[in-house]
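Chemist: With the hints as extra help, turn the sequences into a complete structure.
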Amino acid sequence: MLVVALLLFHASPQPIEGSYVALTMNGGALPAEMHIPVSESGDFRLVRLEQGVLRLTDDRRFTLYFRYYHQLVQHGHRPVSTPVLSDSETGTFQVQAGRLILTPTKKKGRRSRPPVTATILGDDIKATYLLENGSSQQRVSLTLRRDASFW
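Numbering-wise, the sequence shown is residues 11 to 161 according to my numbering.
Think of the hints as simulated: they come from the structure by calculation, not from any bench.
It should be emphasised that the depicted structure is a prediction, and the values quoted were computed from it without experimental measurement.
Certain hints may be false.
The calculated DMTMM-like cross-link candidates involving lysine to aspartate or glutamate, where the alpha carbons are at most 20 angstroms apart (straight line), are [what the hints assert, rightly or not]:
hint: 1; residue 1: Lys118; residue 2: Asp133
hint: 2; residue 1: Lys117; residue 2: Asp133
hint: 3; residue 1: Lys136; residue 2: Glu99
hint: 4; residue 1: Lys136; residue 2: Glu27
hint: 5; residue 1: Lys118; residue 2: Asp134
hint: 6; residue 1: Lys116; residue 2: Asp134
hint: 7; residue 1: Lys116; residue 2: Asp69
hint: 8; residue 1: Lys118; residue 2: Asp157
hint: 9; residue 1: Lys136; residue 2: Glu60
hint: 10; residue 1: Lys116; residue 2: Glu99
hint: 11; residue 1: Lys136; residue 2: Asp53
Modeler: Next up, the structure:
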């Protein structure tokens, strides 16, 4: 009887739908910062992720909500206090062989963003994608964990 119960448990994976909260960005606990070079003179964009929440619904749609700080810091200057910003991304998702594929909805007047493929590991989702800023690119890795207290 125990063997049958274990087989049934492994045969029916946990539903993916729910809310996931960002725990780390590029290996650092949130809030976490990134410096993205924008010129050879040493100017950079400072991005500080305060919060990220991914919501997956049973109709295969997602919403990614994030709160962050963003500013251009000129060479030799220090970052200044700026207001927190918020933004969201929506789209559809698919699950294939332990992978989550997020396809963002095209926003009016903007280029289509490429799909993001993430790995599902129990209650965690690990995603890596390229953040493009003009001619520079920065690889970003996020770890998100299921959290029923959101949405």
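Chemist: Are the Cα atoms of Lys116 and Asp134 separated by 20 angstroms or less?
Modeler: Status violated; Cα separation ~27 angstroms.
Chemist: For Lys118 and Asp134, compute the direct alpha-carbon distance and say whether it is at most 20 angstroms.
Modeler: violated (32 angstroms)
Chemist: Quick one, are Lys116 and Asp69 close enough, alpha carbons at most 20 angstroms?
Modeler: holds (19 angstroms)
Chemist: Please work out if Lys136 and Glu27 have their alpha carbons no farther apart than 20 angstroms.
Modeler: Holds. Lys136 to Glu27 sits at ~15 angstroms (cutoff 20 angstroms).
Chemist: Against the 20 angstroms threshold, does the CA-CA distance of Lys118 and Asp133 hold or violate the hint?
Modeler: This hinted pair is violated, its Cα atoms lying about 34 angstroms apart.
Chemist: Just to be careful, I want the Cα atoms of Lys117 and Asp133 compared with a cutoff of 20 angstroms; is the pair within it?
Modeler: Not satisfied, since the Cα-Cα distance of roughly 30 angstroms exceeds 20 angstroms.
Chemist: Need the status of pair Lys118, Asp157: alpha-carbon distance at most 20 angstroms?
Modeler: Outside the cut-off at roughly 31 angstroms; violated.
Chemist: Take the C-alpha atoms of Lys136 and Glu60, compute the straight-line distance between them, and say whether it is at most 20 angstroms.
Modeler: holds (18 angstroms)
Chemist: Just to be careful, I want the Cα atoms of Lys136 and Asp53 compared with a cutoff of 20 angstroms; is the pair within it?
Modeler: Answer violated: Lys136 to Asp53 is near 30 angstroms, above 20 angstroms.
Chemist: Run the distance test for Lys116 versus Glu99: straight-line Cα separation, threshold 20 angstroms.
Modeler: Measuring from Cα to Cα gives roughly 10 angstroms; hence the hint holds.
Chemist: Run the distance test for Lys136 versus Glu99: straight-line Cα separation, threshold 20 angstroms.
Modeler: Holds: Lys136 and Glu99 sit about 17 angstroms apart, inside 20 angstroms.
Hint check: violations occur at hints 1, 2, 5, 6, 8, 11; the rest are consistent with the structure.
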